[in-house]
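Engineer: So that you can map any letter, position 393 of the sequence shown is 393 in full-length UniProt numbering, and since no number is skipped, the others follow by simple counting.
Hints listed in this document are in silico derivations from the structure and should not be mistaken for laboratory results. Any given hint could be a false lead.
Unchecked claim - Listed next, the in silico SDA-like pairs over lysine to any residue satisfying Cα-Cα at most 20 Å (straight line): (1) LYS76 - LYS45; (2) LYS370 - LEU348; (3) LYS257 - ILE118; (4) LYS24 - GLU146; (5) LYS76 - TYR111; (6) LYS257 - GLY380; (7) LYS24 - ASP34; (8) LYS257 - ARG410; (9) LYS24 - LYS45; (10) LYS370 - LYS257; (11) LYS45 - THR69; (12) LYS260 - PHE122; (13) LYS24 - ASP14; (14) LYS257 - TYR404; (15) LYS257 - SER408; (16) LYS257 - LEU388; (17) LYS260 - ALA353.
To be verified - The following label-pair restraints were derived from C-beta to C-beta distances: (18) LEU186 - ASP392: 19 to 27 Å; (19) HIS305 - HIS406: 55 to 63 Å; (20) ALA116 - GLU329: 29 to 37 Å; (21) GLU11 - ARG72: 22 to 30 Å; (22) LYS24 - GLN344: 56 to 64 Å; (23) ARG79 - VAL26: 34 to 42 Å; (24) ILE200 - ILE415: 21 to 29 Å; (25) ILE415 - GLY339: 38 to 46 Å; (26) PRO190 - ASP392: 44 to 52 Å; (27) ARG354 - VAL26: 40 to 48 Å; (28) VAL188 - ARG354: 33 to 41 Å; (29) GLU11 - LEU186: 53 to 61 Å; (30) GLY195 - PRO310: 56 to 64 Å; (31) PRO187 - GLY355: 19 to 27 Å.
It should be emphasised that the depicted structure is a prediction, and the values quoted were computed from it without experimental measurement. The beta carbon of each residue, even a glycine, is placed where N, CA and C say it ideally should be.
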Amino acid sequence: MHFTIVSIFPEFFDSFLSCGLMAKAVEAGVVAVDRINPRDFATDKHHTVDDRPYGGGPGMVMGLPTLVTTLRSLPKPGRLLMLSPAGRPLTQEIAAELATEEALTLVCGRYEGIDARIFDLFDITPVSVGDFVLSGGESAAACLMESVSRLVPGFMGKEASADEESFASGLLEYPHYTRPEMFEGLPVPPDLLTGHHAAIAAWRRRRSLETTLHRRPDLFDATILSDEDLDFLRAVPRARPGRNMHIALVHGPVLLKDGKVGTVSLTNLDVHDIARVSRTYGLGGFEVVSPLRDQLTLAGRIVGHWREGPGLAANPDRAEALSLVRLHEDLDAALVAVGKDHGQPPALIATSARGPATMSFAAARELIGKRPVLVVLGTGHGLADAVLDRADGILPPLRPFSDYNHLSVRAAAGILTDRLLGDIL
1 MHFTIVSIFP EFFDSFLSCG LMAKAVEAGV VAVDRINPRD FATDKHHTVD
51 DRPYGGGPGM VMGLPTLVTT LRSLPKPGRL LMLSPAGRPL TQEIAAELAT
101 EEALTLVCGR YEGIDARIFD LFDITPVSVG DFVLSGGESA AACLMESVSR
151 LVPGFMGKEA SADEESFASG LLEYPHYTRP EMFEGLPVPP DLLTGHHAAI
201 AAWRRRRSLE TTLHRRPDLF DATILSDEDL DFLRAVPRAR PGRNMHIALV
251 HGPVLLKDGK VGTVSLTNLD VHDIARVSRT YGLGGFEVVS PLRDQLTLAG
301 RIVGHWREGP GLAANPDRAE ALSLVRLHED LDAALVAVGK DHGQPPALIA
351 TSARGPATMS FAAARELIGK RPVLVVLGTG HGLADAVLDR ADGILPPLRP
401 FSDYNHLSVR AAAGILTDRL LGDIL
């Protein structure tokens with residue numbers, strides 16, 4: 001693997017390339033590294049590489065003339081990469097993809113960035129090592145170089161080592177132990193002392209699954225799990241923040257088709273399907289709100305049929321879901337009921353397909369992890385302003401950039417709940 005680093009601070013990499021496995025790989029010829037300083041290609045006496053940005057603003061921008069000359073001078077550029085927070089997130093999958101290349105050129109930006117026309121002149125892939133800001137691309141380039149180099153044949157002492165590390169299988173790595181067998185009262189797990197390779201492999205797999213579940217459940221989205229894996233994960237004890245979340249389906253006051261405020265009729269399917277969503281995601285409850293007594297009576301008959309009537313024996317799963325349903329004449333009654341469940345008043349989070357939003361999904365997820373929350377969905381054409389005005393936050397529309405924003409409330413409830421909770425259950 002041949003790396004070319006384009007940086008105005010090539011000395012940044014002195015220590016990185018002179019210690020550990022990277023140094024051994026360079027010495028053995030497994031990895032070759034050239035460092036090119038764009039200042040060496042500047043034509044003025046100050047070796048200028050930057051200039052003021054058009055449109056004004058703080059800082060300087062790396063200019064094109066010197067950088068373009070630098071890149072065009074490279075005899076073996078290979079694939080061009082630029083370290084940038086706006087780039088493609090660096091993952092183990094991308095590292096493996098890059099490790100198949102014969103040569104990589106890493107362009108390290110500085111100042112406020114690089115003149116954007118660089119992308120019109122060269123086929124450059126921006127790559128990001130995380131959602132944070134650095135002074136330049138050098139430390140990010142070092143991360144990329146090491147993650148890629150470890151996958152190049154001959155870099156690791158044992159090729160199997162890379163296969164068992166974090167992210168290699170799409171999961172976080174299992175914990176490691178070494179001698180002594182007992183240290184300050186802390187033992188090595190007995191499974192690792194058996195000498196039984198299959199038992200040890202099974203233990204490591206379970207710990208990897210467990211660690212990933214608690215720390216990075218989002219990784220499961222890209223990982224194929226066996227039935228045995230799923231059985232194990234279902235049995236893992238863990239906090240269930242979904243219990244803090246209740247859904248309220250409000251039938252009034254809501255907006256009607258003509259834009260006026262009023263009340264709409266209850267729908268059997270809404271009650272059934274949102275109840276099943278609530279049970280699947282482990283919510284604290286499903287609160288149905290209607291100011292019309294005849295509608296509440298109808299809802300009570302529907303729920304009663306499945307919870308205590310003939311439906312219980314016919315479909316106990318449906319009965320289990322509908323056990324989460326409570327009926328209220330107004331939103332205040334629902335708030336009081338949720339508050340009694342948790343011993344403190346819940347936060348009120350409203351939803352609207354119209355916007356504007358006042359709370360992000362990330363902020364709502366954080367809030368659900370700390371206190372009870374009642375997430376309110378409106379029927380008809382959405383919640384009335386009287387409800388939105390009293391909310392602690394209004395979530396963004398589920399499809400803010402779509403030109404057709406008319407999801408059924410049942411579909412919206414499922415998407416919304418998954419977006420707020422997902423695998424954190």
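Engineer: Against each hint, give a clear statement of whether it holds in the structure.
Structural biologist: Hints and how they fare:
1. With a CA separation close to 28 Å, the supplied pair LYS76 and LYS45 exceeds the 20 Å bound.
2. Among the hinted pairs, LYS370 with LEU348 is consistent with the structure: their alpha-carbon atoms are about 14 Å apart, no more than 20 Å.
3. A distance of roughly 51 Å separates the Cα atoms of LYS257 and ILE118; the hinted pair therefore is violated under the 20 Å criterion.
4. The suggested pairing of LYS24 with GLU146 holds, with an alpha-carbon distance near 12 Å, which does not exceed 20 Å.
5. Distance restraint check for LYS76 and TYR111: the Cα-Cα separation of roughly 27 Å exceeds the 20 Å cut-off, and the hinted pair is therefore not satisfied.
6. Using a Cα cut-off of 20 Å, the hinted pair LYS257 and GLY380 holds, with the two alpha carbons roughly 7 Å apart.
7. At roughly 16 Å between alpha-carbon atoms, LYS24 and ASP34 fall within 20 Å of each other, so this suggested pair holds.
8. A distance of roughly 19 Å separates the Cα atoms of LYS257 and ARG410; the hinted pair therefore holds under the 20 Å criterion.
9. Between LYS24 and LYS45 the CA atoms are separated by roughly 39 Å; this puts the pair beyond 20 Å, and the hint is violated.
10. For the hint linking LYS370 to LYS257, the alpha-carbon distance of about 37 Å lies beyond 20 Å, and the restraint is violated.
11. Distance check on the hinted pair: LYS45 and THR69 sit about 17 Å apart at the alpha-carbon level, within 20 Å; holds.
12. Restraint check for LYS260 and PHE122: the C-alpha separation of about 56 Å exceeds 20 Å, so the hint is violated.
13. Proximity of LYS24 to ASP14 is assessed by CA-CA distance (about 14 Å); at most 20 Å being required, the pair is judged to hold.
14. Note on LYS257 and TYR404: the hinted pairing holds, with a Cα-Cα distance of about 16 Å set against a maximum of 20 Å.
15. Between the alpha carbons of LYS257 and SER408 the distance comes to roughly 15 Å, so the proposed pair stays at or under 20 Å and holds.
16. The suggested pairing of LYS257 with LEU388 holds, with an alpha-carbon distance near 18 Å, which does not exceed 20 Å.
17. Proposed proximity of LYS260 and ALA353 is supported: the alpha carbons are some 17 Å apart, at most 20 Å.
18. Judged by the Cβ atoms, the range 19 to 27 Å given for LEU186 and ASP392 is violated: they are separated by roughly 44 Å.
19. Judged by the Cβ atoms, the range 55 to 63 Å given for HIS305 and HIS406 is violated: they are separated by roughly 31 Å.
20. The hinted range of 29 to 37 Å is not satisfied by ALA116 and GLU329, whose Cβ atoms lie roughly 58 Å apart.
21. Between GLU11 and ARG72 the C-beta distance comes to about 24 Å, which sits within the given range of 22 to 30 Å.
22. At roughly 58 Å, the beta carbons of LYS24 and GLN344 sit within the given window of 56 to 64 Å.
23. Between ARG79 and VAL26, the C-beta spacing of about 20 Å breaks the proposed range 34 to 42 Å.
24. For the pair ILE200 and ILE415, the supplied restraint of 21 to 29 Å is violated, since their beta-carbon distance comes to about 42 Å.
25. For the hinted restraint 38 to 46 Å between ILE415 and GLY339, the CB-CB distance of approximately 27 Å leaves it violated.
26. For PRO190 and ASP392, the hinted distance range of 44 to 52 Å is satisfied, since their beta carbons lie about 49 Å from each other.
27. The hint said 40 to 48 Å for the Cβ distance between ARG354 and VAL26, and at roughly 59 Å that hint is violated.
28. Under the hint 33 to 41 Å, the C-beta atoms of VAL188 and ARG354, about 59 Å apart, miss the expected range.
29. At roughly 43 Å, the beta carbons of GLU11 and LEU186 sit outside the given window of 53 to 61 Å.
30. The supplied range of 56 to 64 Å is met by GLY195 and PRO310, whose beta-carbon atoms lie about 58 Å from each other.
31. A beta carbon spacing of about 56 Å between PRO187 and GLY355 contradicts the range 19 to 27 Å that was offered as a hint.
The structure shown violates the earlier hints numbered 1, 3, 5, 9, 10, 12, 18, 19, 20, 23, 24, 25, 27, 28, 29 and 31.
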